[in-house]
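Chemist: On the provided structure of chain A, position chains B and C as indicated by the hints.
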Amino acid sequence: MNPNLFAFSVVAILSVLSALGVVFFKNAVRSALSLVATFALLSVLYLTLDAQLLAWTQLVVYAGAIMVLFLFVIMVLNLSKQPALIERRDPKLMLATLLGFGFAGIIGVQVVTPLLPPSEIVKDPVLAPNGFGQPQAIGMALFTDYGYPFEAISVLLLVGIVGSILLAKRRLR
Amino acid sequence: MNGVPMAAYLLLGLVLFTIGVVGVVIRRSPIVIFMCIELMLNAVNLTTLAFARYLPQFVAGRERGHTAVAGEMIVIFIMAVAAAEVAVGLGIIMAIFRLRDSTDIDQMNVLRG
Amino acid sequence: MGWIHDVLAAKGVFAALIRAVLWAVPILLLLIPAIWFERRLLAWMQDRRGPNRVGPFGLLQPIADITKLLFKEEVIPDGVDRFTYVLAPVLALMPPIILGAGIPFGAYGVYKLLTPVSDLSVGVLYVLGISSIGVYGLVLAGYSGNNKYSLMGGLRASAQLISYELAMGMSLACIVLATGSLNFTSIVRSQEQPLWGISSLSWLQNWNVFTPFGFLAAIVFVVCMFAETNRPPFDLPEAENELIAGYHTEYSSAKFVSFLMGEYFAMLVYGTVFATVFLGGYNLLPFNWDTVEAHVPALGGLCHFMAWISNNLAPLWLIGKVAATLFAYIWVRATLPRLRYDQLMNLGWRTLLPLAVADLVLVAIWVLAVSTYGAGWGMVIAVVLMLVGLVVYVNIVSVGRRKSDPLASRSVTMVSIAPERVVIPEPAEVQPSGAG
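Chains as they are written, first to last, in the numbering used here: chain A, 1 to 173; chain B, 1001 to 1113; chain C, 2001 to 2436.
Chain A extracted, bound-state conformation:
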């Protein structure tokens, strides 16, 4: 058990616990905060994978913008007269959990087992490609090879902006 594997295990177990918190907390705000914690821990995992730009982008986009939006909506819904966020107990819970983890087990056995340590597909330790997570490499690829998807994404974001403004407007009489 080398120190890297130990550190990875700690972060991995914490992220699994906070993901379980997202699903199993009754209070929506605690659920959202668990998801923020999950995102932060995943950001740490991206750093261990040498993807530096993506790690901080994850914090800016997911933890800093998307989750703030979620919290806004939860709080505005909490201000309402009806208790909007209280849920009934669901009999699907046990069955769903069993089926879900069974599904995970099947995929895990098929996909993960060939890749466990003495494996000829993955050579370990592997050198990162030159400039792997650096912004220069990502920028070069994003604006040359991936120019079309980049422009398509900007149109998609424009559509998202227009759509959300339209949905938020009150009905004009």
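To be clear, the hints were calculated from the coordinates, so they are not data collected in a lab. Since the model is a prediction, treat every value here as computed from it, not as a measurement. Just so it is clear, CB atoms sit at the ideal spot from N, CA and C, and this is done for glycine as well. A hint or two may mislead.
[To be verified] The following label-pair restraints were derived from C-beta to C-beta distances:
(1) A:152 x C:2295: 49 to 59 angstroms
(2) C:2254 x B:1109: 43 to 53 angstroms
(3) A:111 x C:2022: 44 to 54 angstroms
(4) A:94 x C:2022: 49 to 59 angstroms
(5) B:1078 x A:16: 12 to 22 angstroms
(6) B:1096 x A:139: 38 to 48 angstroms
(7) C:2364 x B:1078: 21 to 31 angstroms
(8) B:1100 x A:7: 46 to 56 angstroms
(9) A:7 x C:2070: 31 to 41 angstroms
(10) C:2254 x B:1096: 33 to 43 angstroms
(11) C:2376 x A:136: 26 to 36 angstroms
(12) A:152 x C:2350: 23 to 33 angstroms
(13) C:2254 x A:106: 50 to 60 angstroms
Modeler: Frame of chain A; chains B and C shown alone:
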């Protein structure tokens, strides 16, 4: 990282994805369902990055001399799409709530039949 | 002195922890002079004395303040969500301290490379990320108070913060585009180049605030800096006559102190970021001393001395620039009235963000012009374009907007205090009555 097998990252991604799927099935509030969808997207991000980092010989674009960043491109696009989806989705949830005063997703069945 | 470098630049977790402490302790200690400076300077600007009784010149006043606040009774209201209530002050206090950990404090001499925790290759993105995390303190503080007004205060505060984060990110993107790197050390090094890239001016340094697009980006960044730290004139969320006390209504004693301290740390740290990105970081003065010596050999001794203190006392100059930024913060607080919420939002979205985006386009054209025509002509093209853009904006866009939307005025019309001439009728002759 050195010393961490790729299988560990894949296993973690799988567990997170499964937790997200279970959350979508179990929970009734559309906001929490949305959060579990985001969890699934992040699990996919982690898996893609693990593949991109550990298996650079399989990435397209290397013959042109560009660094193997295709996996990171996918992750960037997933992040952008998730952001747009959350903006519109939360707008829809607010609009539904304004109309019906409840957010139990099992009662949103007007289109059924 | 090599051992200082060996300790400070060593890799490894333990060395990073030592460096983190070496960063956290000074910034915690800088809080005390910052509070004293604010109160004395504000008082001087308002033509009064300020605290001068507690210790010589009132220097121990901040300690007395904090001690008093810490000894107050800790009241936790009924019905709050305890976890969020306790978490929110922590989330208001930690992000500013974390944010400053990527700023370079010196690069030559004794220091070689002194960045408190790590010289991140994506330092600017790190700053943007941690300022996004800083929103959570306000949101959760407003929510956890179990109080409708504090919730609304929290929502307004966080809406303000995320709006100005965008313009701040755009202005930083201008500098990143001009420099070509997200790394703070590279940004500071690129500011040590000859002014505007013209090699005949190589005795001056190219601080980003001296370049036309950098000056514009600096203006946008300064305004966003005020809004991000909730300082006047953007302090609507915590104003005492609005929504009681805004998002920290329900807090008392130590948790309340956390919010106040978090605001001071944020001021100091954003000042550090501003000094690094726009004001040349840890360099003392915008002169390249060896080139000055080559031009004017008579000043050789002075140049050697200045170069030595500029390199070896580098953190001091950065802190000096932070102090100048703090002076500007307090000066603006003493001078400008508070912005109304809709004025604040209009300023962020309709003025600063388009300005920052236009600046980004300007920088892109400048970079292209420099690579095609050379540094001098590139700068001429950039300045001409900027003036043309300014004229177009003033004449077409701004006048049109004022005509169509007169209620969205961004200025406050002061009422005239000079009274009109009022004719007072002469009183009738009053006969002294009685009293013999």
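Chemist: Does each hint hold? Answer for all of them.
Modeler: A quick look at each hint next to the structure:
| no. | hint | verdict |
| --- | --- | --- |
| 1 | A:152 x C:2295: 49 to 59 angstroms | holds (54 angstroms) |
| 2 | C:2254 x B:1109: 43 to 53 angstroms | holds (50 angstroms) |
| 3 | A:111 x C:2022: 44 to 54 angstroms | holds (46 angstroms) |
| 4 | A:94 x C:2022: 49 to 59 angstroms | holds (53 angstroms) |
| 5 | B:1078 x A:16: 12 to 22 angstroms | holds (21 angstroms) |
| 6 | B:1096 x A:139: 38 to 48 angstroms | holds (40 angstroms) |
| 7 | C:2364 x B:1078: 21 to 31 angstroms | holds (27 angstroms) |
| 8 | B:1100 x A:7: 46 to 56 angstroms | holds (48 angstroms) |
| 9 | A:7 x C:2070: 31 to 41 angstroms | holds (36 angstroms) |
| 10 | C:2254 x B:1096: 33 to 43 angstroms | holds (42 angstroms) |
| 11 | C:2376 x A:136: 26 to 36 angstroms | holds (27 angstroms) |
| 12 | A:152 x C:2350: 23 to 33 angstroms | holds (28 angstroms) |
| 13 | C:2254 x A:106: 50 to 60 angstroms | holds (52 angstroms) |
Checked against the numbered hints above, the structure violates none of them.
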